[in-house]
Every structure is written in C-alpha cells, then in structure tokens.
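A.B. asks: If you want the building blocks of each chain, they are given just below.
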Amino acid sequence: MKVDLTVNGTNITADVEDRMLLVHFLRDVANLTATNVGCDTTSCGACTVLLDGESVKSCTVLAAQASGHEVTTLEGLATNGEMHPVQRAFHTEHGLQCGFCTPGMVMAIVSLLKESPHPTEEQVRNGLEGNLCRCTGYHNIVRAALAAAEAPAEVSA
Amino acid sequence: MSILGTRVIRTEDPRLLTAGGVYVDDLRTPELNGAARVTFVRSPVAHARITGIDASEALAEPGVIAVLTVADMDDLAPPPPSSGEWDGSPAPLGGPWAEPLLAIDTVRFVGEPVAVVITDSGYQGEDAADLVTVDYDPLPVVLEPTAAVSDEILLFPAADTNVCVAQAASADDTPFDACDVVVERDFVNQRVACLPMEGRAAAASFENGRLTVWVSSQNAQVSRFILAGALGMAPEQLRVVVPDVGGGFGGKIGIDRDTITLAWAARKTGRALRWAETRSENLVAMTQGRSQLQHIRIGGSRDGRILAYRIDVIQDIGAYPRIGGLLPFLTCLMAPGVYDIPDVQAGFRQAVTNMTPIAAYRGAGRPEATAAIERAVDLFAAEIGMDPAEVRRRNFIAPDKFPFQTKTGAMYDTGRYEEALDKALAAAGYDQLREEQRRRRASGDPRQLGIGLSSYVEITAPDPDAGETAKIEVTDEGSATVYTGSSAHGQGHHTAWAMLVQDELGIPMDRITVIHGDTDLIPVGVGTYGSRSLQLGGSAVHKAAIEVKDEARRHAAEMLEAAEADVVLDTSAGLWQVRGDPDTALSWAEVAGHTSGGSLIADVSFVQDRPTFPFGTHVSVVEVDTETGQTKMVRHVAVDDAGIVMNPVLTEGQRHGGIAQGAAQALLEEVLYDADGNPLTSTLADYAAISAPDLPSFELADSETPTDLNPLGVKGIGEAGTIGATPAIQNAVIDAVAHLGVRHIDMPTTPQRVWTAINEAQKASHQ
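Chains A and B, in that order, give the protein sequences.
Numbering-wise, the first sequence is residues 60 to 216 according to our numbering.
Numbering-wise, the second sequence is residues 59 to 825 according to our numbering.
Hints in this document: simulated from the structure, not taken from any laboratory.
In this text, all values refer to a predicted model and were calculated from it rather than measured experimentally.
Check each hint, because a few of them may be wrong.
[Stated by the list, open to error] Which stretches of chain B does chain A cover? Using the computed rule of at least three CB atoms under 8 Å from a CB of chain A, they are:
no.	stretch
1	250 to 256
2	299 to 307
3	743 to 750
Positions of the beta carbon are idealized from the N, C-alpha and C atoms, including for glycine.
Isolated chain B, as found in the complex (with noise of 0.2 Å):
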C-alpha cells in the first residue's frame, strides 16, 4: 500500500520538541564565533530630508566597532536604470522608485534605516543606536491611497507621480445599465503584519574573498541571485545558508535591504557580524500585506444572475514598490472568482505613500479578489433578497466548462464549485442555522447569529515555468539524500519529500535524509511562496525519483544478468529483481555499489504548464453582541480542495494556520498610523495579533479534484485557508446584524465598528 495519501506525522518533530530548532540567531557554527552585533538606526519619522548624521557620540562608546551609513557604500555600484515600466516580473521597478540600502538623504517611512551600528553585544548596539543623532527636515506625509493617486504630494519628485503602476478597467456601463438592480461600494481591504513568530534575522561572514550568509529567507537562491546582483559579487562568491525559519508567510520571500546591508558591512568591515531584529523593528520594517482600496460595482437580474461586475483598486504598496505591480495584477487575475459572469471590469493603481513597503502576505493579491467578490455577491443577494448560498449556487462554472478561461485571463484547472459548496452547508448544518438565526432575530436576543459564506478560487503556483529543482543521490548504503530547491519554513517538506521517495523507491523514510537551503549543495532553486512547493517541488522529487529508479534498474538487469524490462523493483520491500524469481533479490546498497561513483543520482527540475486552482467553500459561524458589537467566532467549517492530498496531517496544518490568519484580518488585525505617519501598531501589546482564546476549532470536510497539470495531481493548500476564511467571516459579522439594517462593515470588524454601524442603521431607519 502506498504511503502518500495517509496520515504520517513529521520527521522534523522530534528534534524541534528537544533541542529546539536552529534559527539564525541559534547558530553556533564556528565561522559565527565572536561575530559582532547589528543594530539599524532606523527613522523615526515619516517622510524628510536627512540633513545631517553624526555619530561621533556612538562611536565613543564602549563596544562600538563602527557606525556605517550610505555614505560608506563607496564600493557598491548604483542601482541599474529602469524605464520604471512593469515588466510582469515581481521585482522592484527601480529608476526614479529605487530604494537605497540605507537612506541616501531622504527617508519615506518609520522604520526606513538610516544608518547600521555595529558592536560587540547586542546590549551596546541599543544604547550606541541611541546616540547617532539624525537631522530630519520633515516632509509633507502621504498615507490615504486616495491622497496619493492625486499626486499632490509626491514621495518620488523624479517620477512626477506617486502612480507606479497601473492597469485600467475597462470602464463601459452598457452590461450595467442592462441590470436589474447594481449594488456599488467602496472595501477597504486593511493593511496587516506578516508576524512570522521569528522576525527577519541574517548572518554573514567573509572570510577568503567568500561571502557566507545565513538568512531566516524562503528562497537561498533567489537570496543569493540579489546578493550577487546589489553587491556586484559572482554567484560563486556567496554562499547562502538558510537554517531552520521561524514562518515567513510571503515576508521573507527572498531578501531585503536589511540583510543585504549586513552582508555588505561584514564584506567592508571584515566581522563576522549577526543581526535579528526586534519585534518593534518587524512591525515597522517588514513588508507588511494587503492595503487596497476597493471600488466594486456589481449587476444582475432579479432571479439572482450576476450579469456585471468591475473592481477598481488602489493599492498602496508603502514607501518603495518592492515588488511592482503584482499582488493588484493578481486581485484582478482572480476578480470574478468562482463566478460565470458574462461582463468583468478589473484595473487597479499602484501608488507609493510613506507607510512600510507592501509585499506578498499569506494570499497576496488573491485574499483581495475574493474578499472583493464574495462581499459583492453578498451584498447582491441581499439587494434582491435571496439567500446567498442560493445566488451562489445559481452563478457557479459549471463542472463541465473546465478547462474555463475567465474573462480575465486565468485559465482554471478543475473545480467543482457546486459539490463543495454543497459539502461546507452540510456539514454546517446551514438550513438548522438559518433556523436558529430566524428564532434569535425573532426573540430580539442581544447575542445575534450570523452565518457567512464565502466560495473561493485562487491561484497556486502562480509561476510555473520557474519551476523547481531536486536532486536525488542513493548510497551504496543504502541511504537516500534529497535535494530540495523548495524551502520550507513549517510546511513539513522534509515529512512530505521522504514519503514521496519512500513510496517510489522503497527506501524507508528514516533512511532519507533532506535538505534545502544552502547554496553550495544546492545551486539552483526557487524556493517557497505562492502554494507552489508540493506540486513543483514536489513533483520535482517525484521525477528524479523515477530518474534514480530508471538508473538503477539498468546496473540491476547487468547485475542480474537480465533484461530491464524484466527487472522489478519491489516497492514495499526496497529490493530490486527479476519479475517473479525473489532468490534474486539486490538491494538498494548493493546497486548503488555497482555504479563507478558508489552512488544514483539524478538531478532535474520540473516546470508545469499552467498554474492551478484550488477552490472551496468556508461557511463561519459567529455570534454578535448587538449591545457590545463584540463578535465571537463559534464555528468554521471549511471545504479546501486542493487535488490530490498526500499527507492528510500536513494539508490540515495548512488550512488550520491559514484560517487563523483569515479570522485575524477578518475581526482583529490592522496596521495603523497616525496622521503623520507614526506607527500606532508597532509593538504586539498594539497590535491585535489573533490568539488561541479568539478562535473555535476548526470543521474541516475534504474534497478531492486532481489537476492534470502534475504528476501527483496536486495543487497548492498554502493560502486557500485564508482566501476562504476572510470573507466568510467577515460576512458571518454583517450577517448577524443585517436584519437590523446593516449592509456593511469593514474589515476588521471591531466591536466598535459594529456597534457603530448598528447605531447608524437604526438612526437612518428612523429617519
């Protein structure tokens, strides 16, 4: 019986649940031995001229090796021209956008560094931090997306606009005047933190004309491609190690401007040097996600058919637009969702304002387009009074439309809208909550049920001719090795890679050793986002696999004498020989042993064709005090089809965390500023990270539609919890008070913002 598809619980545990694991600042590799400390001078305010930096005062105190501002970087080229056009690619547009690696003499938000002091403890770099006097000249701030697309105040004066990228809708009525009923509608899709439990941390040591990093990253290679590029250093140069990582969640993709100045200081200053920020500093200088604006308009017919739609965003993509056009591209790739609808509008401006950079957050783009869309669909339902499962229901793709290209582009794998649908409202029991709803509205109970949908589809590996590499190497030992280009940072690569192994080539799993992330064994790799592992990494290991295999059965036919087609290799056992004779039976030692080298290896990368579309649907289930406007989530019951499902226990820790991180932006979760920019957010007694006491057990109901695009049938799991979860939650909270008048309420919905709507919407049902 094949392992893949049953419930094996992780090889990583063990030593993570003893020794603990070893993140970048737990490395105590002798290369790292007396490696000085670095601390960021980081800005203090939101936008200004930097008219002076002295750190003679730091540089007299004990322990302070050096204070390095950009001044310093004379051995760095400039940054190449850009035309400052998108080319689709997810890497900052550079030209009149450039951003420096420590501020040249502008800072454009809190938390930008200005300066990097470097000293012998942690504890001396607060303090001599402390001393670098900075002179700011203040700027004029531009925070609402609105203020910004005006152009009023500019971040960028070479640029003449604080518009970076755009993309309009087509802006024709004509679908909408042929609707019966148009509902329209500004969301705000708040901006968030990441909050990996481990901040961004980084290491670097040059010793031989080498540069070794190690980097709490998703991607050592793409790490390493940057490296070599802002430091102008070839690729042989650098080694990047990326160690066990605390979370990433689409903040650590690659490396940033942090990690980059400290490999460049240890490169300038000859130190070993550490750095691993502190919480304050991640909430100010870590990308943060989301941040849109949303304009929505929707049309249909009476009996429930969406005729029309548009969505135009504004995004802000904080101070320096790090990663182009790409998270607004994808909110209107995937606007019209799981949705048959004859006429979609989707464009979107990108513009700079002087808050931290936006990137890629759990989702990225796609929470967006279907907390746009499925809020839309409910507030259509409810303008022609119709349950929002039924008009759901009534504007599904068909299941035999797949293949489907949408009418913005994407072209969907598979999907079964309507069956999983059909799965989320039975097991929660939707008909018995509707009736549990209509008696708690009847009897005006102050604890009010809302009951909230939200049917999804997103898109994984969203790249795929990039593709991902494995490399295979079995011992005359017996032993397997794996090399991984992907990168894991929780999701159980080394559990789930093993199994793929064992279940091909029948070397037990606690004989496979994996590895990833570390430049010198492994050259070449993507790396981890975009739910794209499993089906390209995965599939990667898949293929070298059946490559090992393919070369071991022709050393094992000549050491049977036999021919290859009769030879057989017998997965539950391990054991290679002739069809139907067992006396001949060679191990896998003993055929890695016939080789010349001792050892079969294979070494491939695995493009697919096409990315794929995991789909669902979440039904939430909340409690609202009408009288207090807190919210208390009492279920969730989540329908996540993502394929084939390989390891039952690793799918289900994916959608767990990425329904917490849902409910998170749905109730709680929002970075703020004040009117000049200062974080109001920027510790975690400030901001509302979701804990367990705010959160049910989850119900999660499977479903299995393959995709044809891999060999393992697999999509992406990684962030469908929390495309699905958002709007089903938030919906559940306009849910429970739209009897009383309610249409809307933005996220996060906090007790005050629903007491206030309720409040409002009785004061305009009195009017």
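In isolation and in its complexed conformation, chain A is listed as follows (with noise of 0.2 Å):
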C-alpha cells in the first residue's frame, strides 16, 4: 500500500507491505538507523520515536498508521547542528555506553519533559518504565534527564 510520511521534516512517499511496522519504514525506507529493534513485544523501548510529537514504540505502529502523520526520530532532534538539550545532557553526564538504547531514550525523555518540565527523580524514574539499559543501570540516565530538565535553552521537541 502506498505510504504518505513526514520524517524529521521530509516526505517521504512509498510503496510497502500492509503489515510493514513503522520501525521497518523509517530504517529499511527512509534509511535512517538510528532508531534500533530491540525486542518483540514492545518492552524495551529502544526504537520510540515521535508520532505527532508524542513518544510511541515505533515497532508497535505500523506504517500505515503513520501515514500522514508527522514522525521525529533522533536524527531529526538537533536544530542548526546544536544537540537537543536532551542529547547535550547524556553527553555531559555519561548518560549512554553501547548506544544502542539510547536514540529511544533521549526520545522518550524528550516527551517526558515535555509533559512534565520538572519532574522528580521519581518521575523520571516511572516514565522510563517501558525503556530497558542494560549497560547505565539508568543512573546516569536518570541525571541527565533531571539535568536536561534544568538545562536553559528550551526543551521541545
């Protein structure tokens, strides 16, 4: 069937598989691997992106349902060459290792800060339930989304 996207701000028009998942669109078609499969029951959270500017696991979407829907993925989050204030944040506290999980969580802490500005270790903590790290033990997850949190360029996706 035929597909009608906005990726990271492009469109991207094509013809795919009815049962093609959105993740397979945007690594396979848009040719952007940034945002990683990590499991098969939506529980890891590696491949979350932006879907209209909220966080979805984009192996649990398909890319159908996308379709003329505007999609954000890493690569589409720093403005001007500048990192996002989130990107920043895991830079300076040592928030990522491997790098694997990490394009799904800075997406995911970019819709938690969205909706809530100034959470609480605790909040933070809840909202990355569904993101699995194996390498941080999310401590420095963690403080890089309080950071980020505190940090004084605005955070928005």
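Make one complex out of these two single chains by using the hints.
C.D. replies: Here it is as structure tokens:
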C-alpha cells in the first residue's frame, strides 16, 4: 500500500507491505538507522520515536498508521547542528555506553520533559519504565533527564 | 597537569547521540547492497531425534532463495576429534560433546538451529521459516543439575555421562570437626540472560575467494580464528569487522554457531547475507549465564573466626559445553573471597542439560563464588549471633600479607579489605541504619529495613599472558591513529585510549583516532572480556606511545643536531625541543615528516605476569513489605577499588551498570523452563529485565589501591559492580526478615519467595 509520512521534516512517499512496521519503514525505507529494534513485545523502548510530537514505540505502529503524520527520530532532534538539550545532557552526564538504547531513551525523555518539564527523580524513573538499558544501570540516564530539565534552553520536540 | 584521572566526557558520544551508532544491521556498506536475509529454523522441542526435514513448501514461497540444512554442509570438514578432557582453555570440548553448526540428527535445547532460510526480505523469512517442516521424535529431557549428574538420561550417549568436566574437592571433614559451629546449605545461583540491548547480528559477503564477516562481537580477531577453523579457510582469506556493538556482557565473546553458519551460507550461496536475531531468538539461543547449584559448608569458632569452608558446585552448562570448565573453575579459584580461611575445599562437576548453553555473563564464575561465600558468612554470623560486618572484619586477609596466595591457588596482588569495609560502612551510616532497623523491628512496622553487606575480591585479566596489542601511527599532519586489539562495546575505549596517548605524547585528543575491530587493519588482537581492556589493552597503548616517543626523540635529535638525552617533549604543547631552548621547538608533524615514510609507528603487544584482583565492599539497604513480600531497593553504597582510576566518568559508568545487573539477579531476573524444557521467559514480556523504577541512584565511594603488575597501576572494573552488588542485595533482603526466623532465600528474591519464606519461618516457630 501507499504511505505518505513526514519524517524529520522531509516528506516520504512509498509503496510498502501492509504489515510493514513504522520502525522498519524508518530503517529500511527512510534509511534512518538510529532507531533500533530491541525486542518483539513492545517492552524495551529502543524504537521510541515521536509521532506528532508524542512518544510511541515504532515497533508497535504500522507504517500505514503513521501515514499522513509527522515522525521525529533521533536524527531529527538537533537544530542547525546544535544538539537538543537532552542529547547534550546525555553527553555531559555520561548517559550512554553502548548507545543502542540511546535513541529511544533520548526520544522518551524528550517526550517526558514535554509533559512534565521539571520532574522529580521518581517521576523520571517511572516515566522510563518502558525503556530498557543494560549498560548504565539507569543512574546517569536519570541524571541526564534531570539535568536537561534544568538546562537553560527550552526543551521542545 | 596530566589528563589521566580527570573527568573526561566521551569522544564516542556526539556520533551516537545525533546519528545513532552503526551496528551490524545499520551497515549500508556497498558489499551488502541487496543482501539477502537469513532466518533460522529453530527447534521448538528440548530434546528430540530429527526424523525428517521438508523444505518444499517453504521453497515455493515468493522471495525464498534457499533453505539449507546440515546436509548441505558437505564442504566442511568434521570437527577435529578431542579427548573430551578439558585442557584449561575456554574452548568447546569437542569429541563426544562436539556442537554442530546446524543440528545433525538430534536437537538438545529449544532454540537450537536446525536450518536456515534465505530470502529477499526479513518478513518473507519469517513466513518461510514457519513452512519448513521438521519431524521430531521426542526424547526425555534433563533439566535439573542433580538429575543431570545422575546420568539416568544422557544427552551424548557416546560420552556415557552428562558430566563433561569435574574437579573434585577434598572431602576432609577434620577441619569442620574442630569447629564450634558448622552451617551447611544449598544455594541456587540461577540462570540469567545476558540481554545486551542489541542481540546477536552478523552479515557476510563472499567475493573473489575472500569472505568478509561483520559481526556484533567482543573480539574480531578471535572470531576470525574461529571462522578460519570452522570453514577451513586461511586467516588471510577472511576479514572480520566489528562495527558498533550494542552491549556484550560476555554473550558476544568470539562468535557462535549461528554466525559461523551465516558466514558459511554466504560462501555456499555466493550471496551477501545478513541476520539480526529477534529478542525471542536471543532469549533462547544466545548463551546465558550463572546456573550453578552450590552446596556450601562453613565452620568456625564462636568468637567469629572462620576455620573451614567447602563449596561443591554443580554447573549446569546447558546443552553444549561451549566454554569448557572455565566458569566453575573460576568459582572454585575465587571460593574463599577476601577471607584468610585456614582450610578451603572447592570442587565442581559440570553437566550438560537440555537448556540453552551457558557461557560467560558479566563476572563469569566470580559472582557465583562471591554469592556463595558472602551468603555463607552471613549464615555463620547469624548462627553465632555476631554482626556480619564484625565477622567479615575478623577474617579479612590482612593488608601486610600481599601478595597473598590463597588456599585455592590464586595469587592476590594488592588489597586493603578492611579499609574498603570501613569506607562503605561510614558512607552508608551503618550504625544509624542498624538503629533504624531495631526501631522498625520493635514497632512491628510492616515495612522492615534490611541491610546487606558484601565484601568481595575478584580476578580480572584472568588470561594475562594472552596480552593485548596496540599500534600507534603519528603522521606528518601531526595526528595520531591508535589501532587496538581490544574491542569496545560501550566501555569508552576510544576516549580512554586517546587520553593515554595525549598524556604521553601531548597530541590533543581531538587529533587522535582510535580504530578497533577490523582484522585487515589489526590482524592480531585478543579483545574485551574478563575486565581486561584497560590493564592489557591500555597498557599496550601506553607502551606503544612510549616507543613512538623514543623513535621521535631520535629523529628530533637528528633534526636539532642535539644529543638524544638533551631533547625533551613538552607534553602540554606537544612540542619537541632542546632542553631549556623553546626556540628549537618542533611539532609532531615536523618530526614525523622527517621519517622516510612520513610517519612514526610503534606496533607492540603487552602481556602481564599475573591477573589482578580488584576488591571492595557494597552495602545494600532495602525495604521489605512483610505483608506482600515486595522488596524496594532504598540505597546502594559501593566501594570498588580497581587500582588507579584513569577516568572517573568511565569507571563510575561501569560500576553503575554492574550494580544494576547485580540487582537484576538478586531481585528479579531468572530464565525459567517448564518440566518439558520449554522456555517460559523467551520474550521481554516474560523475562523480568530490570528497569529504572526498580533501582535507586547509587552512592559510590572512591578507593584506589594500585597494582604493580602493569605500568598504569590499574585493575579491571567492568565486572566488579555485579560481583559486589548481587550478594549485598540478596543479603539485605534476607536481613530484613531475619528477625522473623528466615535464614536464606534463593535468588531472585521475588515477592512470592520472600512471602513464602516469612510464612514458613513463622509456621516453624509456632510448632
């Protein structure tokens, strides 16, 4: 079937299998490989992207469902070569090691901070329940989220 | 001022944070254009004879290029015969235990690969794999370690036993007979999943007689060695590339049969192939960790001296003994931990079972040793009614006894165990915590406080003589390239190696490129496991930098017409000059330009005489709801001493991750099977992977006791957090309910187990 998505501001039209998942569309059609697949049960959050500004797990959305909508992936987060405050905070707080969960984590936190601009540590931890990381023990990811919330620049997606 | 020891944030991150890494499945390299997808057909039964495979229906599906089984592997030599005796190397035993690439006539675990389907797209592969009909004639299964060692049902009839490696413990009861108190108990150190966020993945392309394999691995060079042997190719005919790797944790040491099969299939079909496993595959077919049944006996005097300790391990190694006796061997080697115990007896039997093969998982044999002794010490302390911190203190190896030869044959290099304990107790506020615990016990608070200790020592770089390689090239542009045999998958090698080079050569980090994981560029290397990277790989980089510097000094002396002894390097500016004469300054670019080839090169390997032994103490504080059995981690305080800290940012990251994996095993995670050997935890919806709300922020206290075994004074930190944290948290949970009569709860200490333990203890006390 024919789908028509705006991904990171660019319009992409393609003819895809009905069952194609959004994550596979992003990786194989749009050739944006930052978004990773980490499980097959919507449990790990590695594939988290923003759909019309809200975080979704792109392994659980059909490309067809996203047709006509705007998708933002990690690649679309920086503006004019400047990292988004959440990306910057991940760097300064050492919020990533192997980097595989990172695109999903970053997008989940962007969304979380949009809903709750000044969260407590507990709110951050609960908000990240659906995003797994095996390297960091979440410690520095939580610190990065809290640091980004306090960053001077406006946090927006 | 040296950059070493300072907080340097990672050079790896900007790329990972803006574009994402390039993991195997992200590769868009021309050789993989139009690559076909590999999908494995895996056994759905735990133990069966294969009586037939029919691929005709699958072959008729659109997009199906081939369906291959072991019958197509006629171009491979059978594996070499083996005596079946373990020679101490972490390699499969072969012989009667040989593991085929694809099942021959028997499957021995759910998830064992039986056939591969090659299709144009991944979706087609999943469809077609479902259409490959395999007829299975079920065989009885062996799951429990005790059943395995009984040899009533054999996995490998030709071997005539399920016990593939054994090392008997001395069974001398005399030292126990002399004790005031002896405690004896079984512990289950449960099977857990490695669970790197990127599962296994590989791609391969065969062109002009040369096979290139991209693989998510902890060791490119070891992978090439394994592939060369398995495929009967000369190493020069093979190139192994390890791109970004999304975590390993031991499960990606070398390569396993699935990747070898993919590489073989690429050669066989002439098609470029790629494969990235699903999580459901990962949770049944990637090697798993731990899985020991431990029987311990600990004895001592009423004044708190431990006089004798025995541990007998049955290691469930899963369906194929991939890693020899290495894991229980390390458990036995590290059995006495930080304690000076006059008599230690340690032995193991390693047995095959109808479950996923077991291999290294963060700590690999040492967390099991620490869990056993630290639980045993707590049982002993409870029996004599002494505070567990005090019992530990009375039995530590004294700091003036190092290097210390243990009763099990380890040579501990350096250690200050009591100091680590004191630091951890002070940081935790141990006395106040005990006071709070007394208050809650007295008031009958349903939320009881548990305080758990673990004082540990572990072995890092357990294979120091294998060493590591490094090559540094400084060009006439003044930049440096480091080629390392070590293998990064999240640890921060690229940052750390650049720091070492900047410190030694004065070339700024942003002009230093670090390359790993390509056998064409780095033919010799060992890789990353056993917390070996910094002490071996980092020391190799340090050694190469010194050699480059020596070479540069010769050239600079010639250029400056000065004696070599008078030529010095100002590392703050990266300039060579005659001592005391800044006007003579030469840049690295100028010195490198003076060589015939336009670059300065040093190519070295570094070996260490012995392994190193990091140590520390963890204090875990938990709240246990005695009405529901629910545990909440409240605080976790860790003192981890792995020698000199080169970059606190990286060290802390390793410790954080290690602690979380320890907490995962102590509280939540367990791979489960039903009575027929069907996995019950084969998805992330079923496997209780630890997540952010399960954990508190961690409190780390610093301690640096250098080793003299390498020039950097460093030990390994990759696994220490897991080794220290696991028993501290388990001990804390048990401590929370100890006053209710509970002495032990096996991991994971789930609400159900805690609740049951409380109720059984209460029933027993009312009888």
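A.B. asks: The structure should be examined with respect to each hint, and the outcome stated for every one.
C.D. replies: Hint check:
For the stretch 250 to 256 of chain B, the proposed coverage by chain A is satisfied: 4 residues have a C-beta within less than 8 Å of a C-beta in that chain, meeting the threshold of three. For the stretch 299 to 307 of chain B, the assignment as covered by chain A holds, since 5 residues bring a beta-carbon within under 8 Å of that chain's beta-carbons and 3 suffice. Coverage of the stretch 743 to 750 of chain B by chain A holds. Counting CB-CB distances below 8 Å, 4 residues qualify, and the rule asks for three or more.
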